[in-house]
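In the order they appear, the protein sequences are chains G and U. Each residue of the first sequence is one higher than the one before, counting from 930 in this note's numbering. Each residue of the second sequence is one higher than the one before, counting from 2 in this note's numbering.
Derived by calculation from the structure, the hints in this document are not laboratory data. Note that the coordinates shown come from a computational prediction; the quantities given were computed from them, not determined experimentally. One should not assume that every hint holds.
Derived pair list, reagent style DSSO-like, types lysine-lysine, alpha-carbon separation capped at 30 Å [said to hold, decoys possible]:
#  : chain 1 : residue 1 : chain 2 : residue 2
1  : U       : K210      : G       : K1070
2  : G       : K1070     : U       : K221
3  : G       : K1192     : U       : K164
4  : U       : K164      : G       : K1070
5  : G       : K1124     : G       : K959
6  : U       : K244      : U       : K7
7  : G       : K1070     : U       : K225
8  : U       : K164      : G       : K1084
9  : U       : K182      : G       : K1070
10 : U       : K164      : G       : K1152
11 : U       : K225      : U       : K244
12 : G       : K1070     : U       : K212
13 : G       : K1192     : G       : K1070
14 : U       : K249      : U       : K210
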Amino acid sequence: MRIIMLGAHPDDCEYYAGGTAALWAAAGAKVQLVALTNGDAGHQSEGGGALARRRAAESRRSARILGVSWRTLDFHDGAIVPSLEVREAVIRAIRDWRAEVVISHRPNDYHPDHRYAGAVMQDAAYLVTVPNICPDTPRLKRNPVFLYFLDEFQKPAPFKADVTVDVDKVMDRKWAALDAMDSQVYEWIPWIEEKLDQVPAGAEERLEWLKSDLGPVFRRWTKNHAGALAGRYGARHAAKVEFAESFELCEYGSQPDRAEVWKIFPR
Amino acid sequence: MTVKSKFDLRVIMIGAHPDDCELKAGATAALWAERGAQVQFVSLTNGDAGHHISGGGELARRRMAEASRSAEILGVDSLVLYYHDGELQPTIDVRRDVIRAIRRWKADLVFTHRPNDYHPDHRYASQVVQDAAYLVLVPNVCADVPPLEINPVFMYFPDHFRKPVPFIPDVIVDATAVMEKKVRSLDAMDSQMYEWLPWIDRQLDQVPKGKTERLEYLKKFWSKHFRSSANEFQDLLETRYGKARAAKVRYAEAFELCEYGRQPTREELWNMFPD
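Let the hints inform the model, and build the full structure from the sequences given.
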């Protein structure tokens, strides 16, 4: 199985699907995490090329921990638009990876880069099979299955979990992958959320802080999709799961039935 | 305002590719045209990516010729614009072309895709037509072409996508009497019906060689699609045609009213469409 995840920024795939990526990789699947932007706007005191290089290094460390490949399409952070240029870069990335599964944001997530990444994935969903589009890169013979990362927005429609993955077994690795992105998890995100003063100095202490800060969010994801979790794992197993990641099937691209979707994803 | 008879109407259908209007509304267009309404099919792209062997200008010319042959069979006018296939974007340039096309045709009714159909070109064609829905009235927009005095009624072609909302038909047309004509209009688009679409659907090997045989194949392949509207929207069919006639309808085409543009009552809307 070959999977490509298209996040808007270096840290999005890791945040929404790091556990699932690690489980897939452990089972022998080939996973590539792509950051459409290089993340060069995501800091309060750094920026530009220097920040992009720092975040690329963080992402590669993080990818090694998860056992996956990583690349960026190098667009500027905060400047993704659903242009032909971005679409073509995404079509080429999906084809280069010979992806069978493609995952990106829903087109109504909070950040415009997320929304346009979602729109661009949708726009690529049929065109990856058309040989006259980007004729420099061989087309895919099979249209991949396209899915969305979870989000909590309700309009025009809320996220609906078509598949939920118990990631408890690899949660330590997901935490380590996020911990490797210190420009984000210990600097930028706490700063923009006005809690930079809460971040401890020591390496162990700040990882503990990260878990206490993000843990409730990740547990809420589990709770909000407890029904889907129980559907896939059975109620008894589901009741014991602390961390789960959920995905929604996109209507564009191949349309597997529920049993097929569940088979594609790791357990 | 004066109420036009349904056969004095001027109808413009705006698809993304040469074959979209024909597939989604060819029968309704033929019924209108047979009784004197003026129908124009517009393809926003020239279709120059829709083939596995051919492409570019050569393919665009072939498809433009096919579109005119097909339009002649249906009794409608054909206009193919010049945007590249697979690259349609909701830009101001495309919007202006659409505004001008609607105004020049003096359209009473405008059709296009829904903004959540499967192909990005369909979605963006829809967005552009929605964007034009009010602006066709505004004299300072595209000041080179006189604005319309009455806002047209805008309609969507059907599709099967459900997010964020499914297609809900507001009007349905019995297409049984002109199905033969519709299939012949598709037969005229051989680059698509016998080459590209079967290839991308992995059934090129099922297309017969002989002319009669492949027309039979085409009829068989598309009938199930054209029957599906009649089956799915049986209730609406019965409301519009009555139970007795609805039971005899084998093929139907359904359309949804767009919220932008003129908002006719249901009776007014149904009176505009052929029955």
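Which of the stated hints cannot be reconciled with the structure, identified by number in ascending sequence?
Hint check: 5, 9, 14 fail, others pass.
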